[in-house]
Amino acid sequence: QQQVKQSPQSLIVQKGGISIINCAYENTAFDYFPWYQQFPGKGPALLIAIRPDVSEKKEGRFTISFNKSAKQFSLHIMDSQPGDSATYFCAARGNSGSARQLTFGSGTQLTVLP
Amino acid sequence: DTEVTQTPKHLVMGMTNKKSLKCEQHMGHRAMYWYKQKAKKPPELMFVYSYEKLSINESVPSRFSPECPNSSLLNLHLHALQPEDSALYLCASSQGTGNYEQYFGPGTRLTVT
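Residue numbers (the numbering used here), protein chains in the order written: chain A, 48 to 161; chain B, 9 to 121.
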């Protein structure tokens, strides 16, 4: 129940295209859903996060869509650029008990072709 | 400033060595974390410190020994490691252990020979 399932494992997109990464969770105690971006040899950097009281959050070219009833959330990268090539991790966290620590998805390696 | 610093960037050690990893943050955060990350995998939580006290130890072998000397510093002491312990070790911090964003450092790339 602690798992967060992420897909796809890898994604190749042309420059200017839309990159979409999906995550699904089971634990209804989760109430915070961040996305992290990680470049090779670097630590994960918080990209954008959402709480379940909203269905969408947009920051620049990055948008999180959240479907509480389906227990799914996704990251959309509009106008994808080669500099967006990185590994993306979704994560989830709750407010109490074992859910208080971040549970990460398995990661998506995004390659944006020039 | 949302910076977490880690030293060294790279470390190669033999299985009989003793070494330490260091982490520092000056954001006034009261929670600090150690994660281990293997290639192409997500970070795995090892330890959580809250207000300089160890609050979570995720069944980590005793050859890893954390220490929090003060609210800004976090160390990870390494002794008698195995080659399978080779990984990227990440430090993170947050305002508290509740609903706060975690900020990660760049990591220490550890190779055990």
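What the hints contain is simulated information worked out from the structure, not anything from laboratory work. Where hints are given, some of them may not hold.
Below, a list of computed lysine-lysine pairs in the DSSO-like style, where the Cα atoms sit at most 27 Å apart [stated by the list, open to error]:
(1) A:K52 with B:K49
(2) B:K17 with A:K104
(3) A:K52 with B:K48
(4) A:K89 with B:K46
(5) A:K62 with B:K27
Simulated restraints, written as ranges between beta carbons of each label pair [as the list claims (entries may be wrong)]:
(6) A:S102 with B:S80: 23 to 31 Å
(7) A:T158 with B:E52: 33 to 41 Å
(8) B:K61 with A:I59: 26 to 34 Å
(9) B:T13 with A:G63: 44 to 52 Å
(10) B:K61 with A:K62: 34 to 42 Å
Glycine included, every Cβ here is placed at the ideal spot set by N, Cα and C.
Structure-based check of all given hints:
About 13 Å separates the Cα atoms of K52 (chain A) and K49 (chain B), which keeps this hinted pair within 27 Å; it holds. Taking the CA atoms of K17 (chain B) and K104 (chain A), the gap is about 35 Å. The hint is violated against a cut of 27 Å. In summary, the hint linking K52 (chain A) to K48 (chain B) is supported, as the alpha carbons are separated by about 15 Å, within the 27 Å threshold. Only pairs whose Cα atoms come within 27 Å are accepted, and K89 (chain A) paired with K46 (chain B) is accepted, the gap being roughly 13 Å.
This hinted pair does not check out: K62 (chain A) and K27 (chain B) have alpha carbons roughly 44 Å apart, beyond 27 Å. Checking the proposed 23 to 31 Å range against S102 (chain A) and S80 (chain B) shows it is violated: the Cβ atoms sit about 39 Å from each other. Evaluation of the 33 to 41 Å hint for T158 (chain A) and E52 (chain B) yields a failure: the beta carbon distance comes to about 25 Å. Checked against the given bound of 26 to 34 Å, the beta carbons of K61 (chain B) and I59 (chain A), roughly 46 Å apart, lie outside it.
For T13 (chain B) and G63 (chain A), the hinted distance range of 44 to 52 Å is not satisfied, since their beta carbons lie about 36 Å from each other. K61 (chain B) and K62 (chain A) have their C-beta atoms about 49 Å apart, which leaves the hinted 34 to 42 Å range violated.
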